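J.: Next come the chains, spelled out residue by residue.
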Amino acid sequence: MPRDDSEQARWFAEHVLPHEAALRAWLQSRFPSVVDVDDVVQASYERLLRVQETGPIANPRAFLFVSARNFTLNQLRRLRHEKRDLLTDIDVAAVYADTEGIPESITHTESLRLLVEAIHQLPTRCREVMTLRKIYGLSQREVAMQLGMAENTVEVQSRIGLRKCVEFFRRHGYGRSNSA
Amino acid sequence: MSNSPTNRRHDRAIDDDAAAWVVRQERGLTAAEQDAFSQWLAADARHQAAFAEQRWSWEELDRLNGLQSSVGAVPDPKLLAPRQRIVARWTGFAIVPLVMAAAAAMMVYLAHRQPAGDPARVDFRAVPSLCEERKLSFRSRSLPPRGRCDWTAAKRISPWPTMQTVLLL
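As you go down the protein sequences, you meet chains D and X in turn. Add 4 to the 1-based position in the first sequence for the numbering used here, that's all there is to it. Add 13 to the 1-based position in the second sequence for the numbering used here, that's all there is to it.
Calculated directly from the structure, the hints in this document are not laboratory data. Treat the hints with care, since some could be wrong.
Said to hold, decoys possible - Beta-carbon label-pair distances, calculated as ranges:
hint: 1; chain 1: X; residue 1: Q38; chain 2: D; residue 2: P22; range: 24 to 34 Å
hint: 2; chain 1: X; residue 1: A26; chain 2: D; residue 2: Q125; range: 44 to 54 Å
hint: 3; chain 1: X; residue 1: P95; chain 2: D; residue 2: S37; range: 41 to 51 Å
hint: 4; chain 1: D; residue 1: H176; chain 2: X; residue 2: A115; range: 41 to 51 Å
hint: 5; chain 1: X; residue 1: R21; chain 2: D; residue 2: E50; range: 31 to 41 Å
hint: 6; chain 1: D; residue 1: H176; chain 2: X; residue 2: R59; range: 17 to 27 Å
hint: 7; chain 1: X; residue 1: A115; chain 2: D; residue 2: E121; range: 37 to 47 Å
hint: 8; chain 1: X; residue 1: P95; chain 2: D; residue 2: G177; range: 34 to 44 Å
hint: 9; chain 1: X; residue 1: P18; chain 2: D; residue 2: R117; range: 24 to 34 Å
hint: 10; chain 1: X; residue 1: A117; chain 2: D; residue 2: A26; range: 48 to 58 Å
hint: 11; chain 1: D; residue 1: E11; chain 2: X; residue 2: H23; range: 37 to 47 Å
hint: 12; chain 1: D; residue 1: A25; chain 2: X; residue 2: A114; range: 12 to 22 Å
Claimed, not checked - In silico EDC-like links for lysine to aspartate or glutamate, alpha-carbon gap of 20 Å or less:
hint: 13; chain 1: D; residue 1: K168; chain 2: X; residue 2: D30
hint: 14; chain 1: D; residue 1: K168; chain 2: X; residue 2: E39
hint: 15; chain 1: X; residue 1: K91; chain 2: D; residue 2: E50
hint: 16; chain 1: D; residue 1: K168; chain 2: X; residue 2: E46
hint: 17; chain 1: D; residue 1: K168; chain 2: X; residue 2: D48
hint: 18; chain 1: D; residue 1: K168; chain 2: D; residue 2: E121
hint: 19; chain 1: X; residue 1: K91; chain 2: D; residue 2: E121
hint: 20; chain 1: D; residue 1: K168; chain 2: X; residue 2: E72
hint: 21; chain 1: D; residue 1: K168; chain 2: X; residue 2: D24
These figures come from a predicted structure and were not determined experimentally. A virtual CB, placed ideally from N, CA and C, is assigned to each residue, including glycine.
Looking at chain D on its own, in the form it has when it is part of the complex (with noise of 0.2 Å):
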């Protein structure tokens, strides 16, 4: 979906802007540690234009803050702050389930038709997984929890949705060069 910048521009100043205030809350909130909400806000921001530059995006609120949660995390961790055990009971759900309703142009969008098939295809325990993690934005630790699973398996279960979404992919002709 590739648009012209004055596009864009609209685009992110009507669904992203207004939730940045909400997104520097939480971020110091639920990780207090990190030195410099700018540099995390930035980077979301950034992957979320570089995303919706190539195709539709279901809930960019949503997809804000789990960018958000993932890069911080990366930062910690690359900082040495690496306490998993705290890092990975973020309840981002419950943060972006405010959300308007998501409009209906999108959700038929035959791209993310294309990826709610990829998953509605696996078989159940990794279909389980997949929605927890890429619809709800849950941790593996989160859904590890949610079904009672070790995250060993949540892992191993996330390993082979993925490889056969990719599968699904390429049999439906969905790649890189193609996916806009």
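Given chain D's structure and the hints, the job is docking chain X onto it.
T.: Just chain X now, with coordinates in the frame of chain D:
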């Protein structure tokens, strides 16, 4: 590249390894894993290509973040379960009201079929006294032997087999 079964298995193994590294990377690699990952990437150009594809696909799926979100929504792992299962689940829930509706319909039918259709109001005056005793025993869950009751008369009173079962057991 040949498309022989051996090569396909090998490609699949590379994909599997690549997917595993993507997922591990997502939860954060330990120092030992980081070394192993670097070695794996450097070992074969196909590893880099496979990793890039798996990583890209993992991130593509993030487009679905928050696809199903509303106030108070509880993450539902069965959100994308096949339709058939959803129908089965609904059928499971629906069976209770269906049974209740069927029972109610049968009660209406009995009420019209014969005035004493409700076993609680069966007219035991039409059967011998032992059946009267049976009715009382039924309530106390201590029933007399079958041979002591006039079953023909009892059936005439309660024509619905299921009700008879309830009444006469």
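J.: Compare the structure with each hint and give your call.
T.: Here's how the hints hold up against the structure:
1. X:Q38 <-> D:P22: 24 to 34 Å: Cβ of Q38 (chain X) to Cβ of P22 (chain D): about 31 Å, so the range 24 to 34 Å holds.
2. X:A26 <-> D:Q125: 44 to 54 Å: Since the Cβ atoms of A26 (chain X) and Q125 (chain D) sit about 22 Å apart, the hinted range of 44 to 54 Å is violated.
3. X:P95 <-> D:S37: 41 to 51 Å: 44 Å, holds
4. D:H176 <-> X:A115: 41 to 51 Å: Since H176 (chain D) and A115 (chain X) have Cβ atoms about 46 Å apart, the given range 41 to 51 Å holds.
5. X:R21 <-> D:E50: 31 to 41 Å: 38 Å, holds
6. D:H176 <-> X:R59: 17 to 27 Å: 22 Å, holds
7. X:A115 <-> D:E121: 37 to 47 Å: 39 Å, holds
8. X:P95 <-> D:G177: 34 to 44 Å: 24 Å, violated
9. X:P18 <-> D:R117: 24 to 34 Å: With a Cβ separation near 33 Å, P18 (chain X) and R117 (chain D) satisfy 24 to 34 Å, so the hint holds.
10. X:A117 <-> D:A26: 48 to 58 Å: Holds, at about 52 Å.
11. D:E11 <-> X:H23: 37 to 47 Å: 45 Å, holds
12. D:A25 <-> X:A114: 12 to 22 Å: 53 Å, violated
13. D:K168 <-> X:D30: With a Cα-Cα distance of about 13 Å, the restraint between K168 (chain D) and D30 (chain X) holds, given a limit of 20 Å.
14. D:K168 <-> X:E39: 18 Å, holds
15. X:K91 <-> D:E50: 32 Å, violated
16. D:K168 <-> X:E46: 24 Å, violated
17. D:K168 <-> X:D48: Distance ~27 Å between K168 (chain D) and D48 (chain X) Cα, so the pair is violated.
18. D:K168 <-> D:E121: 12 Å, holds
19. X:K91 <-> D:E121: 14 Å, holds
20. D:K168 <-> X:E72: 15 Å, holds
21. D:K168 <-> X:D24: 13 Å, holds
In summary, the structure is inconsistent with hints 2, 8, 12, 15, 16, 17 from the numbered list given earlier, while agreeing with the others.
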